[in-house]
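Residue numbers (our numbering), protein chains in the order written: chain V, 617 to 1122; chain U, 617 to 1122.
Hints should not be assumed to be uniformly reliable.
Copies of one chain are not kept apart here, so a pair can be met inside one copy or by any two copies together.
As the list claims (entries may be wrong) - Pairs of lysine to aspartate or glutamate, DMTMM-like flavour, derived with a Cα cap of 25 Å:
| hint | residue 1 | residue 2 |
| --- | --- | --- |
| 1 | LYS718 | ASP1057 |
| 2 | LYS833 | ASP636 |
| 3 | LYS1064 | GLU705 |
I should point out that these hints are in silico values taken from the structure, not numbers from a laboratory.
Number of protein chains: 2
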Amino acid sequence: MLRADRVSNPLLKSKIMSADAAAALIPPGANVGMSGFTGSGYPKLVPGALARRMKQAHAAGEAFRIGLWTGASTAPELDAVLAEAHGVEMRLPYQSDATVRKQINAGEMQYTDLHLSHVAQLVWYGFLGHLDVAVIEVAGILPDGRLIPSSSVGNNKTWIDQADKIILEVNSMQNLGMEGMHDIYYGTQVPPDRQPIPLVRANGRIGEAYLRCDLSKVIAVVETNQPDRNTPFAAPDENSQRIANHVIEFLGAEVKAGRLPPDLLPLQSGVGNIANAVLAGLNNGPFENLTAYTEVLQDGMLDMLRSGKLVSASATAISFSPEAMKDFNENIEFYSKRIVLRPQEISNHPEVVRRLGVIAMNAMIEADIYGNVNSTHIKGTSIMNGIGGSGDFARNAFLSFFVTPSTAKNGALSCIVPMVSHVDHTEHDVQIIVTEQGLADLRGLSPKQRARLIIEKCAHPDYRPALTEYYERALRESPGKHTPHLMNEAFSWQDNAVKVLNTESA
Amino acid sequence: MLRADRVSNPLLKSKIMSADAAAALIPPGANVGMSGFTGSGYPKLVPGALARRMKQAHAAGEAFRIGLWTGASTAPELDAVLAEAHGVEMRLPYQSDATVRKQINAGEMQYTDLHLSHVAQLVWYGFLGHLDVAVIEVAGILPDGRLIPSSSVGNNKTWIDQADKIILEVNSMQNLGMEGMHDIYYGTQVPPDRQPIPLVRANGRIGEAYLRCDLSKVIAVVETNQPDRNTPFAAPDENSQRIANHVIEFLGAEVKAGRLPPDLLPLQSGVGNIANAVLAGLNNGPFENLTAYTEVLQDGMLDMLRSGKLVSASATAISFSPEAMKDFNENIEFYSKRIVLRPQEISNHPEVVRRLGVIAMNAMIEADIYGNVNSTHIKGTSIMNGIGGSGDFARNAFLSFFVTPSTAKNGALSCIVPMVSHVDHTEHDVQIIVTEQGLADLRGLSPKQRARLIIEKCAHPDYRPALTEYYERALRESPGKHTPHLMNEAFSWQDNAVKVLNTESA
């Protein structure tokens, strides 16, 4: 089943070993940079082998934890197994794993939640400490030692450059037809030697199809044959459809007003149900010759490429359902010509995002009546996932949408609140808020103008009277009337939420 | 006293008229884009004349208000006179005027507080509505109609481009020796036609020394002869000196560790007492051949240029004390070779700031124990000034400092609090917090690691026990332990502040 020719370089062929043997080369206390972005292109075997070592060490009374750095979220074979082994001291820059989340929120794991465009340069600058080992999944190794990247690029270029030692997982389940699809930009420098990034079109190519690798740093090559996480696709629900309709109607009005070209501008879309609904809506909508400049390609973008609505898509990872992955693999020649996968410091770079004029659509947990957005925290204290690339895109986008259903927990919670319990995107960075109830276009508005609009357009009718009452009372009683608030009550909605949730879980 | 040859173009010479006659051309309800950035280069006469018209209209029972757009803050002759005439419906993108602030916080004036790098493009995109009239101070007009810019550039290029009609104030008090000092970049485009901004050095030149102007749009030329605001320079106090020492010691350690070049990287510095102390410290410090890439040049930067510590400075405005202005005017040949003034969409552009690797230093009102920063609001509801360029620089900087004395109101308030009452810079964007007590280097740290460090290094000893007590109790009682908080008490510190301040003013 394993294709021997996936490792064509003789030196690296001599380094082939078992995952257990490779994991034995990772010392306790190391900072380890692993591949993986939104459940794709992560190492499948070495993390599990490392977790077994950790458990053995712990059973013997020895400490064994690592600093775990990735591109973004990974999968149970990486995040969950290492967390279950209590082997992660510090996690960065993003996660979405249930076990990891639980340990972070129990105070057992440190978590540094970073803008995804910041990560690579913070490592180059030496600001996050030393990277000891890189564990990178690749699709193959050329005779000269260059690496065929896998289904995500993420921070792989940086991990390979910066780590003292490199472990490669060569996954023969990844389609070799992806060869040539990647664009690895090697023009980055540290200030004061930086030059402009020469990317001027979403589908432009400015780099190389392969990852360069200092072969003398490779300490192990492990062969694997396992699929990516491949999360099943969930059909958009009614609320997501309504949100999508509001977004598409708004884009149509902007085109009509002459503020957007008929083929729009490059689309960035967060992941999940609402994003899929918007993409499905665009696939059936009036706009042609669309492009995407985003983090992750999911099923919705693949559908749009197939239909021709989308002519090209740039991302740092693909993350498909099993059905979409089958389609991708069967039509790899068609797709690989239309998809470019880049390092995440390029896919998310403010310079490029602002230049291209990306249309950004990101999900959130809650927004407040003044347009501040919470993307990361439950009730102000527990992390959900992380900010990811939402800040990179939202602040630099041409248009920035934040979307959520107007309520959560079957209507028991309002996602529009007087004051968000944690701020990830400030009032200065949020342009358009959309719920199934409607769309609030906040461009150019003052806080008080925003409040009236958000309550009227976005809040659920069940919560609109209480939000209006809060706002009107704040308008009368607040010491300052620029951003009227009753500071003593500002979090009472989340406080009720705590009680509701406690009751539910009891 | 007025030099007739400041207006060398015959057509524009024919448009010379009084300020009253020019102001009569501005209709009620207009959006008016005026020049002015940090009290320099603003029109000196037309706003006052317009305010008189407004008062007359109001006395006659007629409505007369405008939308007032500028570069940043201006001076009493602009902001205060128009506010006193109750003539400003909507103000953007920044202000620091006492009368304007009072009206905003009384709920009488709408205020849209924007990232300064965003303003020009939001107008180009058509997102802030139509610009009717531009009122721009210039230092002179060439025979061919090109304009010699004044002591600030700000959004002048954009106002001149976008407005239907233009009023020019030609101020003969501005030194004509500034001619050639400006760099107006005309390569900007709207997506999808944007190209890289070709600036790769802080002192690079990528544009023209003059503002282009469609002469057919000029409806009036007004001659003036008045100085800029010229705020007196206040010598740094003891706390500012201590903050400066912490910053300079830190920079020295970074150079020693090999994470910064010996000549550092381009400096960005906010305005005020602490900024001046840091600059004075650098002027007496060990670093040579420094450069600046900032918004505003104040006395401190001028001192450093004179001493040779600073070899060049890029900004969008100069704002000096009367003494420094005298020095600037007397040595204009020396200074104009070392200073470049640019449009604010370039001085603050994320693309350029990130490329150059700016060292950003910005003041704040308060920080919380998790590293969130409030730059704009008093007690969560009243605006102080605005976010200005702090967000443009902080998120994209190589190193980002936020500085404040550890207490305010003679020790009655802690500037380190459990939770900031308004968030302008999130935990994802704040690297280093400095008070006179010490410096907290937050790079790569999790929220809990940050909390311990901020309390230990930055809080005043009088408040350290109470902050520690809050944090320890939150660590025990908080439902989530990623960002431990007692949401019911989070704002109790600001609430006490309200009481203290009420007592003081009673």
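Can you list which hints this structure breaks, lowest number first?
1
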